[in-house]
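**Student:** In order, the protein sequence lines correspond to chains A and B. Counting with the working numbering, you get residues 364 to 643 for the letters of the first sequence. Counting with the working numbering, you get residues 110 to 454 for the letters of the second sequence.
Bear in mind the hints are in silico, worked out from the structure with no lab data behind them. Predicted model, so just to flag it, every value in this text is computed and none were measured. Quick reminder that beta carbons are idealized off the backbone N, C-alpha and C, glycines included. Incorrect hints may appear among the rest.
[As the list claims (entries may be wrong)] Now the in silico label distances, taken between C-beta atoms and shown as ranges:
no., chain 1, residue 1, chain 2, residue 2, range
1, A, R386, B, R154, 38 to 46 Å
2, A, T388, B, S329, 41 to 49 Å
3, A, D642, B, T210, 55 to 63 Å
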Amino acid sequence: MTSTTPNPAHVAAAPPAYQLPQRVTQARVLRSEWTKLRTQPSVIWSLLATTILIAGFGIVYSLVRETRPPHGAAAIASFDPAAVSLSGVQLAQIAVGVLGVLLVTSEYATGLIRVTLAAVPRRLPVLWGKAALVTAATLAASLPAVFVAFVAGQSILARAHLSVPLSDPGVVRAVAGGALYLAVAALIGLGLGGLLRSTAGGIAALFGLLFGVQLAAGFLPGSWANDVGKYVPSTAGQAVTLVHPDPASSLPPWTGFGVFCLYAAVLLGLAALRMRRGDA
Amino acid sequence: MRLSCYLGGEIPTRGRLGAPLTLRRASGSVMAVIEIRALTKRYGRTTAVSDLTFTVRPGVVTGFLGPNGAGKSTTMRMILGLDEPTSGSVTVNGRPPRAHTAPLREVGGMLDPRAVHPSRSAYHHLLALARTSGIRRSRVDEVIDAVGLRSVAGRRAGGFSLGMGQRLGIAAALLGDPATVVLDEPVNGLDVEGIRWIRALLQDLATRGKTVFVSSHLMSEIAQTATHLIVIGRGKLIADTSVADFIATAAPPPVRVRSSDQDTLAGLLRSPGVTVAPAGDGALAVSGLPAAQIGAVAAAAGITVLELATEQASLEDVFVDLTQDAVEFRAAARQAAGPTPEEEK
């Protein structure tokens, strides 16, 4: 608790008049959201955690697989060295998803959203601004990290002759796909945050959507597990991170990513509806 | 009444009583005014605001008075375009609040001094708000200086005291130099110096022709700050009157007196129009006489006065008086579209 009394010398009267036209535009709201983003320490920590999780866990898991290489023809055939070095993406999706949730719910928790929306009465530019920035910030933090994780991981796996070069078909797509997947996961978090307006609810829904649905689909009988499972958000989205997705259990890379984007779009659309109508 | 024009053009005068206030500013837009018509807001089954109609005019400080839970904050949220009315309408400067293209220019509001991200600095809080409307950095510095937060502008807003939070909220409200200023309980948590400052600030804003609408649940506070008064209770309009008229309609507050000989003093004071009642711990509550006269009576009788205090006329007292005697009040009030006491209950 601080209690510095404001200097009485300054407490005269209202500030002088100010007379620029003050139209609210999407570009200005984007700039406002950028000011908020860069001055919110939790954002910086989430992005730092994302980078560290991707690179760190990718390297650790590559070391593990170097000591425990696949045995047997089938295991070697299905071994995906790129996926091993990108395994940190699985953890990082929590960090970026929670970041997306918090970006909205922290404003509702403090009441700041009312200050924001009183200044932007059309409201939706705020959501689009946050969406654009969380996408850009997640890509900025994860794109270098996935390539670092890939290069470091492959150099480790190369010692056991398990590595794959970046020039192989589909490898660059899979590595960059890890960052794309995370960007959309952050948007899903943002959509859930806007829809539920509660940090706890948003994070719970995020876990349910990214992990719970996948688990539940696995319990489906027979071929349903794969046929339905392909369309589950995280499974669909991660198709783009696989060098050779198995057609039995996975959609084609870009189709799967498209489905994942569709989930995000629906959630953001619902959040937009809730934000635009009714009470702030 | 003469009103100074907002942009310093010609000085418009108010129309005859009842004439709608649609004077034009020099710039051509409608003059600063809040118009509330048949405004009703329900949350589920709870009616927060019911059929409110009033106008807040520029050039004076208008107080918005009501006990906690009367619907003041709900009304203010609707004025700022945050909550949608269930029925009825709100216009600010001639337009619905959400129709403004430059909202910070039209209406500046402060609803909650805690509405900041706790780890963001006061400066960046204001800067982010300024960015939405293309307001330059130097303006942020101007409002920080004006509210006296210069020395703490770089500190985390989460560590601010309530009074500092109020100043930050007021800075945010003034950022766009708005024609209309709406502040919810701005005096809460301010020290004496802060309260004096805000009174001077509100007066200054009103003198510049702005519409200033300030809520409070304390009659005593509003009486010293506002000129005009909107009183609501349980979501309904009780009074729309000048502060002077409002206080005049309320019964004078009782005086609390303790003396060396209570029984004798009580006998001396009792008369038609004056009631004397025990007020606990041996004191008397005297209604109908000012403190000075009670003191004089005691002195003349040689009774030593140990304590003599005028009870603060709280809103609750006035409010109860009003609802108990709404008919009498209506005769005195200029425009009291208030409900009958039965409806209130």
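**Student:** What are the numbers of the hints that this structure violates, sorted from low to high?
**Tutor:** 3
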